[in-house]
Structures are given as C-alpha cells and as structure tokens.
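Chemist: Order-wise, the sequence lines are chains A and B. Under my numbering, the first residue of the first sequence is numbered 1, with each subsequent residue one higher. Under my numbering, the first residue of the second sequence is numbered 1, with each subsequent residue one higher.
Just so you know, the hints here were simulated from the structure itself, not pulled from any lab data. As the structure is a computational prediction, the values presented were derived from the model and not from experiment. Do not rely on the hints blindly, as some may be mistaken.
Derived Cβ-Cβ restraints for the label pairs, each shown as a range [stated by the list, open to error]:
#, chain 1, residue 1, chain 2, residue 2, range
1, A, Ile27, B, Gln29, 55 to 61 Å
2, A, Glu352, B, Pro46, 37 to 43 Å
3, A, Tyr369, B, Gly83, 48 to 54 Å
4, B, Ile76, A, Phe80, 15 to 21 Å
Below, simulated DSSO-like cross-link-like pairs (lysine-lysine); rule was C-alpha separation at most 27 Å, straight line [unchecked claim]:
#, chain 1, residue 1, chain 2, residue 2
5, A, Lys375, A, Lys196
6, A, Lys311, B, Lys199
7, A, Lys202, A, Lys372
8, A, Lys95, A, Lys202
9, B, Lys250, A, Lys84
10, B, Lys74, B, Lys186
11, B, Lys244, A, Lys276
12, A, Lys375, A, Lys202
13, B, Lys63, A, Lys311
14, A, Lys171, A, Lys375
15, B, Lys74, A, Lys84
16, A, Lys311, A, Lys145
17, B, Lys250, A, Lys276
18, B, Lys97, B, Lys199
19, A, Lys196, A, Lys171
Idealized CB from N, CA, C, for every residue including glycine.
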Amino acid sequence: MTIRKILQQCFIGLFATLFVSATFGAIISKEDYGYPITDRFAATVVGTPDGFQAALPESIPFEGRSITIFPERVTPDVFFYGSKLLYSVALQDSKAPLIFLIAGTGASHNGSKNVNMAKAFYQAGFHVVSVSSPTYNNFVIAASKTGVVGHAERDAEDIYRVFEMIWAELKNEIDVSSFNLTGYSLGGFNAAYVSKLDDERKSFIFDRVLLINPPVSLYNSISLLDRMTQNIPGGINNFNEFVDKLINAYTNTYNEGFDAGGGDFLYKVYQSLNLKDEELAALIGISFRISSGSLVFTSDVMADYGYIKPKGMELNRYSVLDVYNEVSLRLGFTDYYHEFFYPYYRADYPNESRDEFISAISLRSIEDYLRKTKKITVMHNADDVILEPGEIDFFPEVFGDRATIYPYGGHCGNMNYRDNVARMVASFGKAGGQQ
Amino acid sequence: MKLILCNTAVVLLLLSLGACSSGPPPQQQAADFPEPVFAAKRILPPDHADLTAVYDPWTGLNKRIYNFNYHFNKAIFLPVVRGYEAVVPSAGRTGVKNFFNNFEDLLTMLNSALQLKPNKVASSGSRVIVNSTVGVFGLFDVATAMNISRPMEDFGQTLGHWGVGQGPYLVLPLIGPSNLRDALGKLPDTYVQITVQDKVLSQPVSLSAMLLYPIDSRANTAFRYYQNGSAFEYQMVRWLYSTKRELDVKQ
Numbered sequence: 001m002t003i004r005k006i007l008q009q010c011f012i013g014l015f016a017t018l019f020v021s022a023t024f025g026a027i028i029s030k031e032d033y034g035y036p037i038t039d040r041f042a043a044t045v046v047g048t049p050d051g052f053q054a055a056l057p058e059s060i061p062f063e064g065r066s067i068t069i070f071p072e073r074v075t076p077d078v079f080f081y082g083s084k085l086l087y088s089v090a091l092q093d094s095k096a097p098l099i100f101l102i103a104g105t106g107a108s109h110n111g112s113k114n115v116n117m118a119k120a121f122y123q124a125g126f127h128v129v130s131v132s133s134p135t136y137n138n139f140v141i142a143a144s145k146t147g148v149v150g151h152a153e154r155d156a157e158d159i160y161r162v163f164e165m166i167w168a169e170l171k172n173e174i175d176v177s178s179f180n181l182t183g184y185s186l187g188g189f190n191a192a193y194v195s196k197l198d199d200e201r202k203s204f205i206f207d208r209v210l211l212i213n214p215p216v217s218l219y220n221s222i223s224l225l226d227r228m229t230q231n232i233p234g235g236i237n238n239f240n241e242f243v244d245k246l247i248n249a250y251t252n253t254y255n256e257g258f259d260a261g262g263g264d265f266l267y268k269v270y271q272s273l274n275l276k277d278e279e280l281a282a283l284i285g286i287s288f289r290i291s292s293g294s295l296v297f298t299s300d301v302m303a304d305y306g307y308i309k310p311k312g313m314e315l316n317r318y319s320v321l322d323v324y325n326e327v328s329l330r331l332g333f334t335d336y337y338h339e340f341f342y343p344y345y346r347a348d349y350p351n352e353s354r355d356e357f358i359s360a361i362s363l364r365s366i367e368d369y370l371r372k373t374k375k376i377t378v379m380h381n382a383d384d385v386i387l388e389p390g391e392i393d394f395f396p397e398v399f400g401d402r403a404t405i406y407p408y409g410g411h412c413g414n415m416n417y418r419d420n421v422a423r424m425v426a427s428f429g430k431a432g433g434q435q
Numbered sequence: 001m002k003l004i005l006c007n008t009a010v011v012l013l014l015l016s017l018g019a020c021s022s023g024p025p026p027q028q029q030a031a032d033f034p035e036p037v038f039a040a041k042r043i044l045p046p047d048h049a050d051l052t053a054v055y056d057p058w059t060g061l062n063k064r065i066y067n068f069n070y071h072f073n074k075a076i077f078l079p080v081v082r083g084y085e086a087v088v089p090s091a092g093r094t095g096v097k098n099f100f101n102n103f104e105d106l107l108t109m110l111n112s113a114l115q116l117k118p119n120k121v122a123s124s125g126s127r128v129i130v131n132s133t134v135g136v137f138g139l140f141d142v143a144t145a146m147n148i149s150r151p152m153e154d155f156g157q158t159l160g161h162w163g164v165g166q167g168p169y170l171v172l173p174l175i176g177p178s179n180l181r182d183a184l185g186k187l188p189d190t191y192v193q194i195t196v197q198d199k200v201l202s203q204p205v206s207l208s209a210m211l212l213y214p215i216d217s218r219a220n221t222a223f224r225y226y227q228n229g230s231a232f233e234y235q236m237v238r239w240l241y242s243t244k245r246e247l248d249v250k251q
C-alpha cells in the first residue's frame, strides 16, 4: 500500500465530516479545511493526493505555440533551440473571458501546475493563454530584454510585452469578453506587477487578478530556499550521495520509469519513504537549486556578464557544459543577487544601496497599489515554506477580505485541492461562473 | 525485403548525420578569457566529485548525436507520431502498445530466466500466456486487469546483473540515451524479438510491426528534446538515465 493510499484512507473520513467554507476572503480555520497534509514540507513536495483533487477534464484542447519576441536578437548557439518563445493556449469556440496564466519559478507554460489551472479555467468557460515563468530557460533566451531576471518591474515589462504580442496574434482568432490574470508562486508575484503596469498602459484593463502563493520579498524567499540545501547531510558536496540514498530506498516501490520533471519525481520519492522534515526541505532545496543553477547560467550567457562563464567566451551547441553545471549547483541564488544581479543593474539605479535595491523587490514596495486595487485577490497558505515567520500577515493586512489564507498546503501543495480550485475559479466572479 | 528496409534506414541515418557534420565549430578555451566571478577553480574543491557525474569519455560524439536526434525528432519522428495519433484512434493505439508490450514481456521472461529470478519469470511468463491467448495476440492487456505485475528486464540488465558495468555513456542515433552495455544488450533482445515476430506473424504483418514499433514507443514517451527547461539538459538526462539503469539492475 502506498503512502498516498494510506493518507487517502485516513483522511477521507475526516474530510466527510468537515464543513467546507464557501465565503470569500477569509482566514480559513483548520476545522473548516479538509486538505489532508498538515506538514508544510510534505505538502509542498507531495501536492494533493488523488482522492482530494478537483474533478478536472482528462484533456482539453491545450495547444503549444511559439512566437518570436525580438526579431533582431541573435540567439547564442548554445541555446539554438530556444530562440522562439513557447506558450500554450486553450481556446473556446465562442465569446468568452480570457485568462493569462504565469508559471512559477523555473516552470514552463505546459508544466503540471499550469496545465491543471488551464483545465480548471477552460472548464469554467475561459480562453486560456499560458506562459512560462520569466525565470524559465526558454523565456530568458527568447523574451527577457536583458537576460538578467528577478527584477520585479523589468520582469513585468517582459511579460507584458509577451502578452501584447500573443494577443496581437490571437485577436483575429477569438472573441474575448474580458481579460484576466493569474499566476502561482513567483508567477503570482509577477502578476501583481503586471497588473500595475496594465493600469498604466491599459492594453488589457484586467477585470480580475488572482495571486496564488506569491512571495512577499523575493530575496527573503530565495534565501529560505537556498538555506534548504544546507539540510543535505554533509552539505551540497554530498548532493549525489543524498539523492542516491533517497533513490536507493525508493527502488522497492519504484516500478515505472521516472521523470526528470521535478514534481513527479519528488512525489514518488516521498511516496516510498517516510522522510523527515529536514530531508523534505533538502529535496525542495535541491529542486530549487537545479532550476536556479540553470537560470543563472542562462542569464550569464545571455548577458555575457562573466559570472560563471568567462566574459566574451562563446559557447556553441557542442560545448561541454559540465563544469558550469557543477559550479551552478554549488552557488546559491542569493550569490546571483549580490554578485551578478545587483552589479548588473547598479548603474541604472545610482541612488539605491544594495540593501535598498534588493528590498525594493517586494510586494511591500507596491503596497499602496495592492491596498486600493480591488480587482486583485490572493490565495495563500499560513504554513507556506517560502515565507519568513510573520510574512503571511502582509496579505490580510493589505488585501483585507480579498485575501484567503488556508491553514495548510505549504508552498502551492494545495493548488489542486478541490476547495482551492473552486475558489480559484470563483475569484473571477461572473466570468468564472459560466460552468 | 526486411534487409532492404534496414539498409535503407542505415543509409538514411548516415546521410542525415553526414549532412550536419561539416565538422564541429572550434571550441574556445576558458583560459584565453578573463576569469569569471565564480571561476570553477574557486568553487570546485580540487578533489571534488561531480554532483551529477557519469562516465562520458565520448561527450563530443554524444552531443552531436544528441543534436541529430533533436533535429530528427523535430523534422520527422514527431510529425510521424502526430500523424499516427491523428489517423489511428486511441483504442487502436492502445492495442498496438499492448501488442508490443507483449513482446517486451517475452523478453523480460527470458532475461529474468537468465538472471535466475523465478518470480519475474512467472509473472512475465503468465502475462505472455494470458495476453497472447485471452488477449488475442497481445492486443488486449488482460493480464494487467488480472493484477499480474509487469516487471521489466532486458539484456542490458542481465549483463548488469552478472556484474558488467554500464561502460561509457552513449547517445544512440534515433533511440537516445544509453551506454555501451545497454546498447550491446539491445542486439540479442532485438534479434529474439524479430525472430519470434517472423515465426508467429505473416510477413506483411511482421514488416508493419517493424515500422510501427518505433512510432509506438515514441508516442508513449513524453520526453521532448530541449524542452525540459534546463540549460543543462544533456547532463541531467545523462545523470537520470544512468541512475535509473543502476536501479533497474538492482531490482
């Protein structure tokens, strides 16, 4: 019997007795919430067990497309495969509201979280346009103006440009009644800034915007994630041993091939092992390190900054990248902020100190906007692992009854839970009511 | 006829490899450029072991084949798979998949026997018997419905079981990640599969099976070259493949 099944059986009875709150904007109490995993790290790794997931269509017409964002850009040969930005759409036949989805850190337009969101919104009658995170390799290569990502306003401009160009292609194809926006994790953070930008530029005039599990301060969140790799017994140099140990223990139940994809792999490891919190944290840290390592290298090549690759040196599709992979796995994302990101942008912001510069990359810096902009709602978890203690209070304080705070779920672990999906869709008001 | 097909395939492959092999562009050397902020010699301890280490002395060749596979997938393989998916309805594709799985079960049975693993011989053997009869030549997977487990053993694993290491990492044209041991292991497996196919199927069916087999496998493999979001996809695939095969052998 798998852990998943055991969990399911333990909690199905419990769930049946719970009253599921349907009111808007609230701090949901533990008694009123049936998501089954109460450990914040386990929830983050495992997600939502089968019996608790929302009923979503098996498949929807989710179609991959590509678009050239910077026609003049000469893509470095080592990234020859990434010159066009890939995205996905799921389009309705008749007039319908449109929703843009922004993926989380290192995640793609067709990653499992975006696909599930797309299913929920498509089912509810939306046209769906799904884009990768600005931290995703392909986005950095094809759609980031500077290649150096993680700057709240500049990332928002990159995303906005992408939305505008996609819309220019779509507008002859579909009939749209309103524009809406959502994103999870870093994508939720991005969505707040994109909404602000849209209020200035007015290309879309978003009707509703939903932020799901966004960080408050980006720097705080990545520091937390960086520190999680310290939970690897013996430190990062024992990365391989640690992963081997996990995998070895997991061979007993391992049967079907595993995916490099991250989520499913972690889930399967968890299923077969009774991991301690530190080990789960280490897994989350490793997963983050693998994507941040790739991102940092991609940015380094695109900006030719000389961070881990010598400046001026050209790599091509046949170059051996092993050494950059090894170096990138040993550097934190905070190193990137101090030694690459800040020096790179310093000239543009001469009056800001390093600390001011980094602390500006926070929802606090647009707090006034968030406070008064009623179309923005938030769904978050009190036990999210990417928030510093107390940071969760920012949301009820600033958004008031536009914030819904769940007691459990870790970081995005409850996104597929049926209550969460229902609320996610309902956040879009009437538009979300067209079942 | 079959020989002609094979030969044509080989010639086509060599031609296409040749077409994109105008010689690799020269590689620039890190030593000729100013040191980056985090130079390898500063970050990697002198006696460090690579975190995602795999023995890959033929990297140059492997990366070229990896690239070739990307282009082949993009230009030919995936369009063919999409055509197959458009033409053959889902129930039909499931039948095709079951049909080939039945042959794989047969190979698993033989390889389990070579590894002296009676339980696996029993379950894969039962699967073949049930699916070939009740399941109509393997078109229906009755065995899974009967909860008969489906172990997987191939000749690469058999070699591994008797102590043969993976050897150098090897990217196979058209097929993808492998290693010297597993690549050699494919030969007897393929030989057995083709021989059995010839014995039990009429020639046109056997020939169609040969054409369908790679299409069916590709249709059932989610992997897409250079769409995994990692700048280090080659390394990650190499590491995951090797780790997976290590586990396969240990089972």
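Chemist: Hints first: check each against the structure and report whether it holds.
Modeler: Against the structure, the hints come out as follows:
no., hint, verdict
1, A:Ile27 - B:Gln29: 55 to 61 Å, "holds, 59 Å"
2, A:Glu352 - B:Pro46: 37 to 43 Å, "holds, 39 Å"
3, A:Tyr369 - B:Gly83: 48 to 54 Å, "holds, 50 Å"
4, B:Ile76 - A:Phe80: 15 to 21 Å, "holds, 19 Å"
5, A:Lys375 - A:Lys196, "holds, 11 Å"
6, A:Lys311 - B:Lys199, "violated, 62 Å"
7, A:Lys202 - A:Lys372, "holds, 17 Å"
8, A:Lys95 - A:Lys202, "holds, 21 Å"
9, B:Lys250 - A:Lys84, "violated, 42 Å"
10, B:Lys74 - B:Lys186, "holds, 25 Å"
11, B:Lys244 - A:Lys276, "holds, 24 Å"
12, A:Lys375 - A:Lys202, "holds, 15 Å"
13, B:Lys63 - A:Lys311, "holds, 24 Å"
14, A:Lys171 - A:Lys375, "holds, 24 Å"
15, B:Lys74 - A:Lys84, "holds, 14 Å"
16, A:Lys311 - A:Lys145, "holds, 19 Å"
17, B:Lys250 - A:Lys276, "holds, 25 Å"
18, B:Lys97 - B:Lys199, "holds, 20 Å"
19, A:Lys196 - A:Lys171, "holds, 23 Å"
Going down the numbered hints, you'll see the structure goes against 6 and 9, while the others check out.
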